[in-house]
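A.B. asks: The lines below spell out each chain.
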Amino acid sequence: MRTAFKNDDEGWPARPGGERFMGDVTKTLNAVMILSWEADGMAYDETFIAEVADLLGLGVEGIGRAVEEVESKRDNGTWGGRRRTVLEQAMERLESAGVAGLLPTEGPVADRLDGLLKRFAHDAEDDALSAFIDDDDEADDSDSGDEAVTGTADLFTFDDASVDPIDDGIEEADDTDDVDPFEELGVGAGPPPRGDEPRSAADDALDALLGDYDDDEDTTITNALDDTADPATETAENEAGLSSETAAPVQTSEAVYTMLLRTVWVDGILDPAEVQLLTRKRQELDITFERHLELVREVVG
Amino acid sequence: MQESIDLSAADRAIIETGFEATHVDGIDAETEGDGTGSGAARLVDWVDAVVALMRNRDNAEATARALGRASLEKGLTRAGWRASSIWMDALGLGRSFAMGCWMEGGACEPLVTVPAALAPVATMLDL
Numbered sequence: 001m002r003t004a005f006k007n008d009d010e011g012w013p014a015r016p017g018g019e020r021f022m023g024d025v026t027k028t029l030n031a032v033m034i035l036s037w038e039a040d041g042m043a044y045d046e047t048f049i050a051e052v053a054d055l056l057g058l059g060v061e062g063i064g065r066a067v068e069e070v071e072s073k074r075d076n077g078t079w080g081g082r083r084r085t086v087l088e089q090a091m092e093r094l095e096s097a098g099v100a101g102l103l104p105t106e107g108p109v110a111d112r113l114d115g116l117l118k119r120f121a122h123d124a125e126d127d128a129l130s131a132f133i134d135d136d137d138e139a140d141d142s143d144s145g146d147e148a149v150t151g152t153a154d155l156f157t158f159d160d161a162s163v164d165p166i167d168d169g170i171e172e173a174d175d176t177d178d179v180d181p182f183e184e185l186g187v188g189a190g191p192p193p194r195g196d197e198p199r200s201a202a203d204d205a206l207d208a209l210l211g212d213y214d215d216d217e218d219t220t221i222t223n224a225l226d227d228t229a230d231p232a233t234e235t236a237e238n239e240a241g242l243s244s245e246t247a248a249p250v251q252t253s254e255a256v257y258t259m260l261l262r263t264v265w266v267d268g269i270l271d272p273a274e275v276q277l278l279t280r281k282r283q284e285l286d287i288t289f290e291r292h293l294e295l296v297r298e299v300v301g
Numbered sequence: 302m303q304e305s306i307d308l309s310a311a312d313r314a315i316i317e318t319g320f321e322a323t324h325v326d327g328i329d330a331e332t333e334g335d336g337t338g339s340g341a342a343r344l345v346d347w348v349d350a351v352v353a354l355m356r357n358r359d360n361a362e363a364t365a366r367a368l369g370r371a372s373l374e375k376g377l378t379r380a381g382w383r384a385s386s387i388w389m390d391a392l393g394l395g396r397s398f399a400m401g402c403w404m405e406g407g408a409c410e411p412l413v414t415v416p417a418a419l420a421p422v423a424t425m426l427d428l
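Sequences listed follow chains A and B, in order. Everything in the first sequence is counted per the working numbering, starting at 1 for the first residue and increasing by one. Everything in the second sequence is counted per the working numbering, starting at 302 for the first residue and increasing by one.
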């Protein structure tokens, strides 16, 4: 089992040379927001995100950017059919941030992060168990069932030396200590997926969230992760993702703006800098002042 | 006053009935209650102040906007916004006040004095 956020002395290293890039902190905030949001299912924990942003040295604008990026790409939690991959990457990011010293490994925030990691690690275990049960009766001689169990379980055993990963892609990933996991997953940068497949909504989403790193052609882990996914679930999530792509842009803009409204008041006080940010966002998102007031009433009451 | 704040007869009836139920009933005419305008003398004074403010609509709107801006610069809480915007809406100054709070519409004159009619709002906003 992957160790939790606290006391994790391995995991992902800091960026080469230990330098702390702005991209690292913004991606870390995105990762925390993704997990917080998906844990709740409806919204992220505003207070908690504000605390994390503060620890990362990001202000309200940083939170606003994260809200905008995550909200616009999460497709109601389906992430264009790649929810599992996104969650796993977010977990990796959190562990990396802890190791790199971007986030505390003790105290209330660490406890919350720890809880999020355990929560989603537990979900993955359940997925693995389900796959095992489903495949047990019909696939005694089939490799696919075993792969599903082992492959998924391996995703959460990076720190367990007793486990000998069967999946080559994942094993390779374990041996690769000097790369950014998001780059390795091939979803944070420009190159399209292997072959001629069109880029998915999730690829675009993660490009937006993580796209400031260099391209990396190694998509081994991506493929390994994809192999562990339940095809039925993937199909359903893809359909959901496609349907969400046709949603009215106005609704998306207003959803983003509404999240921003909630965020600026997360500390209980609205100040001129926050209002200026909202003014800019209204212009960018083409939201009228009257509509803004309506949304404020919805948020504040 | 009803005309100056563009209040319909039906809305006025609702407001006055509510006010009587929550503020006037049980209050001795010689004493003053807790709410703004509670107590006959204070109520008359406040109504006069509102009428005076509304005589110059442009000035009232500019003052409302300045009040909103001042509240933002001090730090506007959710509760403060909620209560004050309801109050200002009731006076027909909600939009101007909101423009000040949300820095809409360009430059805004600073708040020099708070008219008596808006004193309750200033109190809500800790100004």
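Be aware that a few hints might be false.
Below, in silico cross-link-like pairs of lysine to aspartate or glutamate (DMTMM-like), each with a Cα-Cα straight-line distance of 25 Å or less [what the hints assert, rightly or not]:
| no. | chain 1 | residue 1 | chain 2 | residue 2 |
| --- | --- | --- | --- | --- |
| 1 | A | K281 | A | D111 |
| 2 | A | K281 | B | E374 |
| 3 | B | K375 | A | D111 |
| 4 | B | K375 | A | E71 |
| 5 | B | K375 | A | E61 |
| 6 | B | K375 | A | D54 |
| 7 | B | K375 | A | D114 |
| 8 | A | K281 | A | E106 |
| 9 | B | K375 | A | E51 |
| 10 | A | K281 | B | E405 |
| 11 | A | K118 | A | D54 |
In case anyone wonders, no lab produced these hints; they're calculated from the structure. These figures come from a predicted structure and were not determined experimentally.
A.B. asks: Work down the list of hints and note, for each, if the structure agrees.
C.D. replies: Evaluation of the provided hints:
Of the supplied pair hints, the one linking A:K281 and A:D111 is violated, its CA atoms being roughly 33 Å apart against a limit of 25 Å. For a cut-off of 25 Å, the pair hint linking A:K281 to B:E374 stands: about 20 Å separates their Cα positions. Taking the CA atoms of B:K375 and A:D111, the gap is near 35 Å; set against the 25 Å cutoff, the hint is violated. Among the hinted pairs, B:K375 with A:E71 is inconsistent with the structure: their alpha-carbon atoms are about 31 Å apart, more than 25 Å.
Annotation: proposed proximity of B:K375 to A:E61 holds, straight-line Cα distance about 20 Å (limit 25 Å). Taking the CA atoms of B:K375 and A:D54, the gap is near 22 Å; set against the 25 Å cutoff, the hint holds. Between B:K375 and A:D114 the alpha-carbon distance is near 38 Å, which puts this suggested pair outside the 25 Å criterion. The suggested pairing of A:K281 with A:E106 is violated, with an alpha-carbon distance near 36 Å, which exceeds 25 Å.
In summary, the hint linking B:K375 to A:E51 is supported, as the alpha carbons are separated by about 23 Å, within the 25 Å threshold. This hinted pair checks out: A:K281 and B:E405 have alpha carbons roughly 13 Å apart, not beyond 25 Å. Note on A:K118 and A:D54: the hinted pairing holds, with a Cα-Cα distance of about 23 Å set against a maximum of 25 Å.
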